[in-house]
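Peer 1: Please put together the full structure from these sequences, using the hints given.
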Amino acid sequence: MWTFLVRRLLQSAIVIIGVTMISFISLQIGGDPTYLFVSENASAEEIQRAREALGFDAPLHIQYLRYIWDALHGDFGNSLSYRQPAMGVVLDAMPATIELTVFSLVLAIALSIPLGVYSALKRGTPIDGGIMTFAMLGQSIPNFWMGIMMIMYFGLYLGWFPISGHVPVLEPLLEGDFSTAIGNIPQSIYYMTMPAIAVGSYTLARNARLVRSSMLEVLQQDFVRTARSKGIRDWQVITHHALRNAWLPVVTMIGLEFGFLLGGVVVVETVFSYPGIGRLVFNAINQRDIPVVQASVILLAMIFIVLNLVVDLIYSRLDPRVKL
Amino acid sequence: MANVEPQSQPASQKSAAAPVSYRRREMQRALRSMVASRWALVGMIILTAAAFIAIFGPLLSPMDPNRQNIMMRLLPPMAEGPRGATFWLGSDHLGRDVLSRLLYGARVSLLVGMAAIVVGGSIGTLLGLISGYFGGWIDDVIMRLGDIQLAFPFILLAIMFLVVLGPGLVNIILVLGIGQWITYARIVRAQTLSLREKEYVEAARAMGDGLFSILFRTILPNIVAPLTVIASFNVASVILSEAALSFLGLGVPPTVPTWGSMLSESRDHLLSNKWWLAVFPGLAIVLTVLAFNIIGDWLRDFLDPRLKERS
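Residue numbers (this note's numbering), protein chains in the order written: chain A, 39 to 362; chain B, 23 to 333.
Each hint should be verified, as a subset may be incorrect.
Unchecked claim - Rough simulated footprint, nothing fancy, chain B against chain A, three-plus residues with beta-carbon under 8 Å:
| id | stretch |
| --- | --- |
| 1 | 183-192 |
| 2 | 301-312 |
| 3 | 338-352 |
Because the hints were derived from the structure by calculation, they are not lab data. By construction, the Cβ of each residue, glycine as well, lies at the ideal position given by its N, Cα and C atoms.
Peer 2: Shown next, in the form of C-alpha cells:
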C-alpha cells in the first residue's frame, strides 16, 4: 500500500513538472513572448523595457526556473486586463466552476447507472434500443449547442429556467456563513440545471453505455447464476451481486470524466454567462490576457491530477483484486 | 480495412497469398454487414453526403458565403434573397446566406477532423510501435510523456497553445492532431508488445528483415483493425473539439465559415429569436459526429466479433 502511494505520488509530481513545462513552452512557441504583453503600437524602446521587466531577455533555462519559482508561490504574473495577480482572479472564479462541475457529475452518474442497468436488463427490447439511441445522440451533440437549444426552448420559449446567472453556495460556505449557503441551495440548483445538463450530457451518455456493457458482462458470470439459483430475489441479485461489480469501470472513469467535464464547463459557461473560470478564460482569450489563461489552465490541471490520484486510491479500496 | 481478419494469422501473409479474391470477399462481407445493421448504413449515407458536400460545396452553394448584404439582414428561412434567389435557411446578421456558409463549413470540419487524425495517428502509431517493440527506457519516456499530456483536460491544452500561436487552419490541425497521439500510441504499444513475441515476427527477424520492415510490414498490418475503430471515434471527437474551439474564437480565421463560428455568432441573436442561425449549424455538427460514432460502433463489431457479445 505504502509503496504504491509513494510511487503514485512521485508519478504525480513528475506529471506536475511536465504540466508546468508544457505551459512554459506554450508561451515560447510563438516566438518572443514579449509581444503578447505589449500593445500593438508599442515603440521599440517600450518593447525592450517590457522584455526586461518581464524577464524574457534571460536565457531560457533561467526563465524556466524563475517561472517554476514564481509558480510555486502562486505567482503567474499580473492579469493584463484586471491589473491584479492572475491567480487571484482565477481563484475568485473557481467556486462557481466547482459547483457546476460537481453538480453535473452527480447528475450524470445518478442518471447513468439506473439507465445503464435498466437497459442491460431489458437487452434487445425497444426500451433498450431507445435508451441506447439517446446515449448515442448524447455523445454526438456538442455541449454548447445543447446549451443554446435549451436556452431557446426551455429558457426563452417556455420560460421554465433562467438563461443566465448563478446563486453561490460554496462562497458563503467558505466564508463560514452556513445558513446563507444552505438557504441558497434550491435557487442555486435551479440556476444550474440547464448548464449542468449541457455539460453532463456527454458523460451521462457514455457512462450509461459503459454501465450497460459492464452489467451485461457481469450478469453472465457464474456468481450471478449461483445467486439466482439459490433463489435470491432479482433486485437483490442486481443490487448486491451484479451492480457492485458492474460499476467499477464507472469509478475509474470518474477521475478522467471530471477533467473532461472541466473542459466542457469552460465552453458551456460562456453560453450561459455563468461567472466561473470558463467565462473568465473566454474573456481572457478575447483580450489576449495570457497570465489569466495560463493560471486557469494550470490550476485546472492540478485539480485534475489530484482528483485522479484520489480516484486511484478509492478504486484500490473498492476492488481488492487490484494489486497495489 | 479490407485485409484484416481477427488476429490469429498475420494479415500480410494472407493477403499476399490470395490478394484479389480475399479482398473482394471481405468487402462483400463488410457491405452485407453494413446493410444488415441498418444504422451503419444510415451512418455511411450521411458520411458520403458530408464528403460530397465538403468536396463540391462551392458548386452546390447558391450564393457566395461571404457576400454581405446589409439590406437583407437576419431574414428567416425561405425568404426571398437578391435577384430572385432564395435564402433557403435564412440569412445572418450581415445578410450572408446561411445555407451557403453551412455547405462551405463542411470543408473545414471534415478537413480538420481527417487531417488531425492523420497527424495524431501517424505520430502515435510510430511512437507506439517503437515503445512496444523496444521496451525499456524508451518505452518509459514515451509513455510518461503521454501521461503528462493526459493530465491536461485536452481542450484546455488546445486553448493554451492556440491563444499563443494564434488561430489558423494549420495551427488548429496541429494542436488537435498532437493532442490525439497518445490514444494511438497506447493501443499500438499494447498490440506490439504481444505481437513481437509471435512466431512470424520471430521468423521475419531470423530472415534478416530490417527494423523498418519488421515494424511496418510485419507488425503494423495486424494492428490496423483496432486503429481503424479508434480513428473513427476519434474523428467524431476532433470535430466536436474543432467546433468548440471555433465557438471560443480560436478556430480558423473569421473569413472562413465554420459551423462552430456560425454558432458563436448566433449567440448575439438568441434573445430576438433568430432560431435558424443556431439550429442549422448545430444540426450539421450533430449529424456528422453521429455518423462517425455509428460507423465506429459498427466497425468495432465487424472487425472484432468477440466484442459483439457485450454490446
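Peer 1: Are the hints correct? Go through all of them and say.
Peer 2: Evaluation of the provided hints:
1. 183-192: holds (count 5)
2. 301-312: Satisfied; 6 residues make the cut.
3. 338-352: The restraint on the stretch 338-352 of chain A holds, since 5 of its residues have a Cβ under 8 Å from chain B and three suffice.
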